[in-house]
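Chain by chain, the residues:
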Amino acid sequence: MLAASQAHGQSIDAHPPAQQLRIEQAAGAATELLTTWLGPPAAPVVAGPGVRVRWLTPQRDQSLEREAIASVTRQFWGLPQSLTPFQEAAIVYTGTRAIHHALEGSNFEVVRAFGGFIPFPLRSILLSPPVADPRPRVWQFSELPATGDSAGIVRGLQTLERYVGWPAMAQALSAMRAGGRVDASTFATTLSQVRGTSIDTLVQECLRSDVVFDYAIENVHSVAAPGGLIESSLSLLRSGSGVFAIDDQDDREPNMPILVRFADGSEIRDWFDGRAPSTTLIYTARTAVVSAAIDPELMLLLDVNRSNNTFAAETPVRPLGIRLALHWISWLQQTMLAYSALV
Amino acid sequence: MKTMTPVRAFVGGVAAVLKAPMVMIAAVLLTLLIALPFAAVLGSRVERSLASQPPVSLNETEIDPEWWQEFRAHARGLEATFTPAIVGFAAPLDSISAVLDGRRPALVIVGPILLSIAVWAFLWGGALRRYSAGRAIGWRAFIAAGLELWPRFIIISLAAMLAIVLLYLTLHALLFGPVYDFLASRTSSERTAFFARVVLYAIFFAPVAMVGLVADYARIASVVGSSNRLGDTIRVAITFVQHHFGVVTALYLIVGAVFVLVTVGYGVLEIYGGSQVGGWRAIVLGQLYIVFTLAIRLTAAAASLRLFAARSTP
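Protein chains in written order, with my numbering: chain H, 1 to 343; chain Y, 1001 to 1314.
These aren't lab readings, by the way, just hints derived from the structure by calculation.
A virtual CB, placed ideally from N, CA and C, is assigned to each residue, including glycine.
Just so you know, not all the hints are guaranteed correct.
[As the list claims (entries may be wrong)] Computed list of chain H residues with no C-beta within reach of chain Y, every gap over 12 Å:
#1 T35
#2 T36
#3 A42
#4 T84
#5 A168
#6 Q204
#7 S235
#8 L281
#9 T284
[Claimed, not checked] Which stretches of chain H does chain Y cover? Using the computed rule of at least three CB atoms under 8 Å from a CB of chain Y, they are:
#10 103 to 117
#11 316 to 326
Using the sequences and the accompanying hints, generate a full structural model.
Printed below as a string of structure tokens:
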């Protein structure tokens, strides 16, 4: 836990009192969360080191809190200075999670102008929705960046979390820390033990930087079948070298999910073998397939091209897309005017 | 006869713009038309990407920050400019900041900027002829003036652009490189560092504004002056700015102050009023701000024309 005396240590003295309070609160909340998830910290955690003294930090600009939580997470893990990509990824993954939890509902996107000194929080872009909210959230913050291979490993850990669930991930991370070895193979073994099924290969595959995941719907074809029915066949392709599949056939959730919708509004949730280079699924129904999506809940965050994961007979125009394009028009007009006004 | 003061010229400029709504409408439409094809391309890419978004419980206008982060991670070219800085007041803030900080525009944006400069070179011909006449001249005369003066105004704009690029490469690089680093290293707080930056903005912007003013008065001299030669009009403009430095600068500052006031007002309105990225309010406010920017630009031209006509007459 974050002791009060430590929180008031020298490291945050340079900050104005209001900022000190915000740093202490964020650091305290993060320490509590990390302790609940991963067990006690490696060494006493101090609030403040690495947190920049900012001139303007309005309440809606939570970069101060994000920096404080990033600092706490690094201390919490107590890993050596020269981190392996997996160790760096573990810090970024847990720190990002802590930021989302500690700052839920108040963490907004901020645009910085004039040399980065003037922040402008964008209330309409909430980066950390309430924890109970199923909405997705950003996977990385600039205050806790993942570099090189570790960025891919962070995505791998987040993919695994969506597959096995957070309680299993937290248990595995906690057990791995307690064991004193923080590396990918130990984590894979620990997660398999926690889950009770062998997912070593899947975990290793997700945490390898040289593996490319890319599942695609190659084509969808519908023809008339006897009895006034329609036969729709979906050709699926595994274009990348990555395989999202598990060895244990007894596992409750087999491999890759696919959601298929028909013209009459009915839908089927199906699974296919993630190992196969290509798969053909055939459905005979009253109406034709109008849309399909591999991995509809976006579990496999490592998929490098999500645009080929979906098929739609007609792409519906979403109002949000139109409005975003209109925002961009305003931005382009203003940029053109700003530059052309000079001449 | 009353002396033409900067305030009187500005008020006259406002009146001239109000009396010529078609010029304003032409400016608004042309600015929108330049941006539309680029927005159509970007919009279709955004729609395509949104179509592969998972069906989570987002309403029709809510943005998924994870989708946006993913989109940006794979964005290239035009898509790379699709950042949170496009939303509401962040857009003008980002544009003004980019100009002052000397941030190079993305290569893909250079095309629209050059196109905008070319279109304005045409627009200035018709607009200045209209303001100079003080009465409606008809769209045929407007287009004829635009076409007649277009080659000359293009050269003026290109010359000004060249001078400004040189200023960015030399003065800006010096001020915001070693000079700023030196000053920032001797400041103890972000606040002091920011004010040092503001002083440097002023130092840099002074010659940039001078180049812009000479270009403006060269265009005006082409319309209301006696000479038809490009070199002469530029000489006339330089002489006019030199001889009437006080009033020219005062008018420039009045226009600048109005622009800053309205921009700050827009920012305050957005901070306290709030606007949703998926809502119409922010889009309408953004377009109103663009209309205002165009109005202030035309007002500045009309006011400068009045000042020039009154002060350059022997």
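Hint by hint, here is what the structure shows:
no., hint, verdict
1, T35, "27 Å, holds"
2, T36, "24 Å, holds"
3, A42, "30 Å, holds"
4, T84, "23 Å, holds"
5, A168, "21 Å, holds"
6, Q204, "24 Å, holds"
7, S235, "18 Å, holds"
8, L281, "19 Å, holds"
9, T284, "25 Å, holds"
10, 103 to 117, "holds (count 6)"
11, 316 to 326, "holds (count 11)"
Comparing the model with each earlier hint shows no violations; every hint is respected.
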